[in-house]
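Protein chains in written order, with the working numbering: chain A, 1 to 107; chain B, 1 to 119.
Don't read these hints as lab results, they were simulated from the structure.
Honestly, I wouldn't trust all of these hints.
The list that follows gives simulated cross-link-like pairs (lysine to aspartate or glutamate, DMTMM-like), each with its CA atoms no further than 20 Å apart [as the list claims (entries may be wrong)]:
(1) B:K63 <-> A:E22
(2) B:K63 <-> B:D31
(3) B:K23 <-> B:D73
(4) A:K39 <-> B:D73
Covered stretches of chain A (in silico footprint by chain B; criterion: 3 or more residues with CB under 8 Å from a CB of chain B, positions within the stretch not fixed) [as the list claims (entries may be wrong)]:
(5) 17–30
(6) 64–75
(7) 83–91
By construction, the Cβ of each residue, glycine as well, lies at the ideal position given by its N, Cα and C atoms.
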Amino acid sequence: DIQMTQSPASLSASLGETVTIECRASEDIYNGLAWYQQKPGKSPQLLIYNANSLHTGVPSRFSGSGSGTQYSLKINSLQSEDVASYFCQQYYNYPYTFGAGTKLELK
Amino acid sequence: QVNLLQSRAALVKPGASVKLSCKASGYTFTDYYIHWVKQSHGKSLEWIGYINPNSGYTNYNEKFKSKATLTVDKSTNTAYMELSRLTSEDSATYYCTRRVTTGYYFDYWGQGVMVTVSS
C-alpha cells in the first residue's frame, strides 16, 4: 500500500496568514492526489484534485502543487471559515490511502 | 442537486452485523461508482472499497475483504454496505461517496453514519 505522510498534524495561524500543508507519498503517485476539507461533524469536501486542479466552487485562495512524491496545499489569506481538518488522498493505486490529517486552528 | 443520504446511526452488539444504506438522488445512479470510507473517532480516513452500480462489480481494500459486503439496489438508487462480525474496532463513522466519471477522486459525500459496537 502507498503510505501518505502528512504534516503538520496541527497548525495554528492568524487571519490573513498563508498556510501550507504537506503530503509525502511512499512512492511516485503521478499527481493522483486530492485534498479534502472536513469541518467538525461534517463530511469531507473536495478542494483540489489531480494535485493542482481547483474543484468547482472552491475559493481561489486554495491551491495545490507538487509532483512525484511531494505535494502541498496552500491557503492564502486565511479566513475564519477555513478552520477545519485537511486530508490528502492518493488515488494513483488501490487501495486508496489518506494522510493522517492536519487540524487547522486560528491563533 | 446531488445528494447521498445515509441511514441513521446504529448501536449494535459485538458479533452482530449491520447493513448501512446510501440513497442517491440528483443524478443517474448507475453512471457513478459508489465508494465507502471509514473514519474512526475523528481520526483519519480508510478506504473500504467500491461498487459499480451498473454491473455490481466490487473492489475491496484487502483489509476489509472479510468485513464489508457492498451491494446496490438499482430500483431504489440505493447502495448498501453490510459489516459483519462486529467488534469495538468497527465503531466508527462510515461515509459513502461518489467517484467522478472523469477521474478517481470523490466529489460528493454522504453525511456519514456512526456505528457503535457495544454490549
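Now the hints, each set against the structure:
Annotation: proposed proximity of K63 of chain B to E22 of chain A is violated, straight-line Cα distance about 26 Å (limit 20 Å). Restraint check for K63 of chain B and D31 of chain B: not satisfied, since their Cα atoms lie roughly 27 Å apart, outside the 20 Å limit. Our distance criterion of 20 Å between C-alpha atoms is met by K23 of chain B and D73 of chain B, whose separation comes to about 10 Å. Our distance criterion of 20 Å between C-alpha atoms is broken by K39 of chain A and D73 of chain B, whose separation comes to about 31 Å.
Only residues whose C-beta sits within less than 8 Å of a C-beta in chain B count toward coverage, and the region 17–30 of chain A has 0 of them, not enough to reach three; the restraint is violated. Against chain B, the region 64–75 of chain A contributes 0 residues with a C-beta closer than 8 Å to a partner C-beta. That does not satisfy the three-residue criterion, and the hint is violated. Figure legend: the region 83–91 of chain A, annotated as covered by chain B; annotation consistent (3 residues with Cβ-Cβ distances under 8 Å, at least 3 required).
Checked against the numbered hints given earlier, this structure breaks hints 1, 2, 4, 5, 6; the rest are met.
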